[in-house]
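Residue strings, one per chain:
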Amino acid sequence: MTTTPEAVRQSRTGTMDPVSWRVRVVHTTGYRYEAPVVQSYNEARLTPRSDRRQNLVVARLETTPATRSYRYTDYWGTEVTSFDLHAPHTELKIVASSVVETTEHVQPIDDASWADLRGDGIADRYGELLEPTRYAPRNKELISIARKLRTGRRPMEAVLAVSEWVHDQLTYHQGTTGVHSSAIDAWQAREGVCQDYAHLTLAMLRSIGIPARYVSGYLHTKPDGAIGETVRGESHAWIEAWTGGWWGFDPTNDIEIGQRHVWVAIGRDYGDVSPLKGTYSGGAASAIEVSVDMTRLA
Amino acid sequence: MNRASGNGDLFDNYLDPKRPHAGAFDEMFAADSTVRSAYRRLYDSLSPSKPADLATRAEALDRALVDQGITFSLSGQERPFPLDLIPRVITAGEWAKLERGIVQRVRGLEAFLADIYGDQQIIRDGVLPRRLITSCAHFHRQAAGVSPPNGVRIHVSGVDLVRDEDGTFRVLEDNLRSPSGVSYVMENRRTMARVFPDLFAKHRVRAVGDYAVHLLRALRAAAAPNVADPTVVVLTPGVHNSAYFEHSLLARLMGVELVEGRDLFCRDNVIYLRTTEGERQVDVIYRRIDDEYLDPVQFRPDSVLGVAGVINAARAGNVVIANAVGNGVGDDKLVYTYLPEILKYYLDEAPLLPNVDTYRCWLREERQYVFDHADELVIKPVEGSGGYGIVFGPDASAKELAAIRRRVRANPRGWIAQPLVQLSTVPTKVGQRLKPRHVDLRPFAVNDGKSVFVLPGGLTRVAVPEGSLVVNSSQGGGSKDTWVLAARSSTVDPELSGQRLGTPQEESAPERGPELTSAQQQQQQQQ
Chain A
1 MTTTPEAVRQ
11 SRTGTMDPVS
21 WRVRVVHTTG
31 YRYEAPVVQS
41 YNEARLTPRS
51 DRRQNLVVAR
61 LETTPATRSY
71 RYTDYWGTEV
81 TSFDLHAPHT
91 ELKIVASSVV
101 ETTEHVQPID
111 DASWADLRGD
121 GIADRYGELL
131 EPTRYAPRNK
141 ELISIARKLR
151 TGRRPMEAVL
161 AVSEWVHDQL
171 TYHQGTTGVH
181 SSAIDAWQAR
191 EGVCQDYAHL
201 TLAMLRSIGI
211 PARYVSGYLH
221 TKPDGAIGET
231 VRGESHAWIE
241 AWTGGWWGFD
251 PTNDIEIGQR
261 HVWVAIGRDY
271 GDVSPLKGTY
281 SGGAASAIEV
291 SVDMTRLA
Chain B
1001 MNRASGNGDL
1011 FDNYLDPKRP
1021 HAGAFDEMFA
1031 ADSTVRSAYR
1041 RLYDSLSPSK
1051 PADLATRAEA
1061 LDRALVDQGI
1071 TFSLSGQERP
1081 FPLDLIPRVI
1091 TAGEWAKLER
1101 GIVQRVRGLE
1111 AFLADIYGDQ
1121 QIIRDGVLPR
1131 RLITSCAHFH
1141 RQAAGVSPPN
1151 GVRIHVSGVD
1161 LVRDEDGTFR
1171 VLEDNLRSPS
1181 GVSYVMENRR
1191 TMARVFPDLF
1201 AKHRVRAVGD
1211 YAVHLLRALR
1221 AAAAPNVADP
1231 TVVVLTPGVH
1241 NSAYFEHSLL
1251 ARLMGVELVE
1261 GRDLFCRDNV
1271 IYLRTTEGER
1281 QVDVIYRRID
1291 DEYLDPVQFR
1301 PDSVLGVAGV
1311 INAARAGNVV
1321 IANAVGNGVG
1331 DDKLVYTYLP
1341 EILKYYLDEA
1351 PLLPNVDTYR
1361 CWLREERQYV
1371 FDHADELVIK
1381 PVEGSGGYGI
1391 VFGPDASAKE
1401 LAAIRRRVRA
1411 NPRGWIAQPL
1421 VQLSTVPTKV
1431 GQRLKPRHVD
1441 LRPFAVNDGK
1451 SVFVLPGGLT
1461 RVAVPEGSLV
1471 VNSSQGGGSK
1481 DTWVLAARSS
1491 TVDPELSGQR
1501 LGTPQEESAP
1511 ERGPELTSAQ
1521 QQQQQQQ
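So the protein lines, in turn, are chains A and B.
Residue numbers are given in the numbering used here: position 122 of the first sequence equals residue 122, and the series is strictly consecutive.
Residue numbers are given in the numbering used here: position 314 of the second sequence equals residue 1314, and the series is strictly consecutive.
All the given hints hold, so there is nothing to weed out.
Listed next, with one range per pair, are the computed distances between beta-carbon atoms:
1. B/Leu1420 - A/Val38: 52 to 60 angstroms
2. B/Gln1368 - A/Asp168: 40 to 48 angstroms
3. B/Glu1466 - A/Asp116: 55 to 63 angstroms
4. B/Ser1242 - A/Arg153: 52 to 60 angstroms
5. B/Ala1224 - A/Val38: 27 to 35 angstroms
6. A/Gln107 - B/Arg1267: 46 to 54 angstroms
7. B/Val1304 - A/Glu229: 47 to 55 angstroms
8. B/Val1270 - A/Ala285: 22 to 30 angstroms
Since the hints were made in silico from the structure, they are not lab data.
In this text, a Cβ means the ideal position worked out from N, Cα and C, and glycines have one as well.
Work the whole structure out from these sequences, hints included.
In structure tokens, the structure reads:
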């Protein structure tokens, strides 16, 4: 880290809510290749952004072998770091580290009725967040379940009901689904990881006309995290829904978005925000290391 | 003598009132069988000919075509793209109108694309619905924020025009991605000049051979201003592509490298060409590869035709991709229906060239109209080209109409409908006689950032089967040489004039990048 927590604290004294957290995230990804790799082109979406709920203090991204990186902001507002490697290499390590200040729980927003959502204005403004996608496709059975859950509820309540339903239906289990699994795959298996929980929730919310988007980020695993303690965090995903305003919810854990959540990117589904993607020529890759270390600094 | 009748001549029974689509506008003969002014000289030259002369000429033409090796892929099979004997003639006055209309469209669509891949002001101002853009399959979010150095995204465009029953030219669709066919314009002219030198001697036909000069100028002007002598390449998918002939012809005429994806590579957002003398930086890529295959990092990861990293290289300003990535949002057949609004918004002008009336199936009332009148309309998929997927209501069975209604209902954004335009007809050799056959016109425009050049002429495609209104070359159509006549007062060199006869390609001053003028070299004065 180039900026010490103390320096950060001094510069920000008194500006943050007392219940806010300052969290350091160190996300390490390592690949090993069976045969030397050349012409490796990559894009990383690993840099947290700032908004009303979250303040990015500092971020950096390092690769081994070292690369000259290029940064840009994509259509969705995500900070992208692109880099390419040409010298033959058999290992690639990417370390994205950042310090982020997060605030207390996001309260659900209850400012839109079903009639508001059905109006032309919303359907037009959020059209791309209402359409089915590859990861969150349309499914008749899911639509009818979502419609039942909608009955007698306001849109905001329906978001919570659908999230809860998804949380109850799926069992968190790694290995059943992969990075390319869709919401339907996970639902049929009744198992999945955060990515699948989010996609399933998105597919159902969109099917009943609630604009919804995929959020990728990190989760600090201890609700009462002690300052200075480094915990094994998670590369995480949750959803945001529009019911008069955008607000997030975490269907995997059936919890509100709070200090423990650090967001990095939003999009229609995983495809818009994949943390690392690229092409290369050479031997098959195996991920040898994926870790997210999170430390509450304040 | 100026009549479309007479005994034993080529035009025997030409305007048969019983012919299909008899209401169509014939470009040579008015309804009363008098010859229109544009075709008077051509008619005078042709009418004394006997059918046997026609056969001789046709043989010469076929031989010339085979010699030049002009073919087109029809459903995957290579075959000669038939060139008809009789040219299509456009007067200077008609052309001036078309030219102004095409230039206006290109300017308007350039502004539109710059806005859509930038701030999207036209959406914020409520002029276009946001969903029109976000639901377009060719709106490539990967291209958001990429701004080319001289602002040009539509380096080459092809505007498909048809002439309705009143003879009015209307735009059928815009092609802003990789419009092909310009090689046929040049080759058709070359062939015709070989076979009919006598006709050219009697007409002041504007030359089309300098297209590559204009294209090269526009591509060089597109390079970043710091590049003194930009390197331009033509990127082709390879010899198996149906337009490979055109790619190689353009590269040869421009004197630039014809490359495939594997000849290029990207390092730290700079594109290099592998040559026998080592790496050479590339500044402008005139690519004839679809967006989806251009960059496996951003689009189809399995594509081996493109260049990994090329889009971020363009974003970084180190290379210019021509035409720009994502132009398809500008030639979407639904966006097309909003062109009057687009021209009004950016240029504050009304369209000089009208569209064909179009019903938008994604609007409830217009969709209902389409359902009620499906048997009178031509229903077209918004996606797709080459005439595939089009349903001609008048020819469709009740079962087909029911099927198309179902498909439209399932995906209203994916369909538009138009009244059946009886495309204009031009005399075309059929057997030993000349018969009216339906045509369209695709002129080509090149934008160098300062002005838009429209190649005088364009590709006239002919629907060869009697009564057919499908002119697409991928549906087995033919083509015609398109003659734009020079104005009487003009000083432009007509085709085959004097000294140019026999010289293969006209000489042009070597292109140079922008150079600093003495005024620019001065230090800026302190204020």
